[in-house]
Amino acid sequence: MTRVALIIAMTLALAACGGSGHAHGKPLVIVVNAPFTRTPYLGRTIENGVRLAVGEVNAAGLRVGGTSYELRVQTKDSALSPARAVSNVRSAADEHAVAVVDEGTGIDASWRVARGLPICIVFAGGARAVDPTTRPNVFRIAPTDHGVAFRLAEYLIPKHLRIALLHDDSDYGSAGASALAAAFSQNRSSVAVDETVPADALDLGPQVLRARRAHATALLVWGRPATIASAIAAARSSGWDVPVFAPPTGADPFVRQQLADHPSWVNGLTFAAGRLTAEVGPGPFTSFEQRYEGAYGVDRVGVKTRAGQEVVEPPETAMYAYDFVNLLAAALLKAGSVDPGKVTRALEEVTTEGANGDERAFNRSSHEGVVDDDVYFARFSDMTYAPVKDDPLSATLPTIDQTR
Amino acid sequence: MLAACELDDKDKEGLKKDCSAPPAALKSAPRLPGNFPRAQGIVYTAVRKDGPTTIASGYLAQTIGPAHDAYSHAVKGAPGYDVTKEEQDAADAEVNFAGGGNTGQVKLLQTCKARTSVTITIRPA
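Residue numbers (my numbering), protein chains in the order written: chain L, 1 to 404; chain H, 1001 to 1125.
Simulated from the structure, these hints should not be mistaken for laboratory data.
Just so it is clear, the structure is predicted and the values come from calculations on it, not from any experiment.
Ideal Cβ positions, reconstructed from N, Cα and C, are used throughout, including at glycine.
Be aware that one or more of the hints could be misleading.
Pairs of lysine-lysine, DSBU-like flavour, derived with a Cα cap of 30 Å [what the hints assert, rightly or not]: (1) K1113(H) <-> K1017(H); (2) K389(L) <-> K1016(H); (3) K1113(H) <-> K159(L); (4) K1076(H) <-> K342(L); (5) K342(L) <-> K159(L); (6) K1027(H) <-> K1076(H).
So the derived list for chain H, only partly shown, Cβ under 10 Å to chain L, looks like this [to be verified]: (7) K1017; (8) D1018; (9) T1045; (10) A1046; (11) R1048; (12) G1051; (13) K1113; (14) T1121; (15) A1125.
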């Protein structure tokens, strides 16, 4: 069966199971394991993406192996602590959850205690996190660190910049440091300085000064949003107008909130992220965004443009979480069972249409839902961002409205 | 929104267009990293390095369907190579791969009645 035919079959199967539009059935819990207290925006947007898809699946009805089920959502706060994240996954397995949608913290240990329960990472992109052979129950729908780091290297090295690589000592920053080391290994002459900085440091003045003294002509800061904001503040407050590049955390609302007193400092910040829209154009993503906003409201960044318009954040990570729940529902139908092992295997065989109109699927040789070539670059101006024009992929992408 | 729709329509317009003269072929076939496989009929027109990544350009004198099949078969038939994801739309297709110590993508776009442009991106894994 071709993929298109399979998508149609799965869509029809989900719709055919529909009844009155009201969920009835045996509860089936999806656990959202995310840092709700430490990075509230990220936790909330993952949860909302899951809840939106769960509502739609339940409205259509979910009948698996002759039993009607109702998907439910349970949140567990990882607080960015690997130990807590692992404990959350252990309890999810103990409580017979059907899957975990995970930010990624602690995955190196949590995949094992999941005892075969499928886990889908929707944020962290670390290289070793996903391996179909050694971690068959781990999937990911999010840009990989490999993809982000290599795309940044491809974009920056031909510009003949001398790049200061700053990465913080969080799990996210450490994984990024490894990816950057690989991406720049053949072009070390492009690296002015390579330094680890403390995560969430309020003042990165000394580190940024060292980068300047090393004659860097660009800063590439890989870390939590607070680290990126601190690096920008340190550079700009010292009068250094160096271009700053970042991974997807550069778009986190926290960066703009931290720099709200100096909006011009955000101008020019360029980040790499997964493309929001597919080849079919922005229609499907816009439709998803409208449904998301209808259910949960807009994700306000907490800053305004010069013209006084409220800035909102498009639901990118929510889209990944939403897509996984739809793949999970298709896998449950395919497996005809809620057994974790059977569902995990079925996840390698189903394809659904993602929220942006692109296909979402895993297979036996790849548990990655976002390919490296779908990483694009966007640059901030007036607290909102637009795809850059000097990268072949980015230049073809539309700007998503970020004001209300 | 309009711009992207126009781009999509423009891509599809290529399916009906007569082909102009093809770009000049490289004098000799390049040796790509990881012995990346050649699809039957591929004509290489350029190879460049963007930092760590090798990007080869060329074309196949075929429509998008056979061109996609040619690359899908070439990658699947190459020792040590896997297709990690592939997708085909009306005018374009992608074959994502892993193998030979690399990962990457073959991007195919039918630009006229009987020619499909090929862009191969090869990154160290």
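Consistency of the hints with the structure:
1. Restraint check for K1113(H) and K1017(H): satisfied, since their Cα atoms lie roughly 5 Å apart, inside the 30 Å limit.
2. Proposed proximity of K389(L) and K1016(H) is supported: the alpha carbons are some 28 Å apart, at most 30 Å.
3. Annotation: proposed proximity of K1113(H) to K159(L) is violated, straight-line Cα distance about 36 Å (limit 30 Å).
4. Of the pairs offered as hints, the one joining K1076(H) and K342(L) holds, with about 27 Å between alpha carbons and a cut-off of 30 Å not exceeded.
5. Between K342(L) and K159(L), the direct Cα distance comes to roughly 49 Å. Violation of the 30 Å bound is thereby established for this hinted pair.
6. Distance check on the hinted pair: K1027(H) and K1076(H) sit about 27 Å apart at the alpha-carbon level, within 30 Å; holds.
7. Annotation: interface hint on K1017(H) violated; nearest CB of chain L at approximately 19 Å, more than 10 Å.
8. Taking 10 Å as the C-beta cut-off, the interface hint given for D1018(H) is violated, the closest approach to chain L being about 24 Å.
9. Residue-level restraint check for T1045(H) is violated (minimum Cβ-Cβ distance to chain L is 16 Å; threshold 10 Å).
10. Violation of the interface hint for A1046(H) is found here, the shortest Cβ-Cβ separation to chain L being roughly 13 Å, above the 10 Å cut-off.
11. With 10 Å as the threshold, the beta carbon of R1048(H) comes within range of chain L, its nearest partner Cβ sitting at about 9 Å, so the hint holds.
12. Satisfaction of the interface hint for G1051(H) is found here, the shortest Cβ-Cβ separation to chain L being roughly 3 Å, below the 10 Å cut-off.
13. Restraint check, K1113(H) versus chain L: the minimum CB separation of about 21 Å is more than 10 Å; hint violated.
14. A cut of 10 Å between beta carbons decides the hint on T1121(H): the least distance to chain L is about 6 Å, and the hint holds.
15. With a least beta-carbon distance of about 8 Å to chain L, the hint placing A1125(H) at the interface is held under the 10 Å criterion.
When the structure is compared with the earlier hints, violations turn up for hints 3, 5, 7, 8, 9, 10, 13 and for no others.
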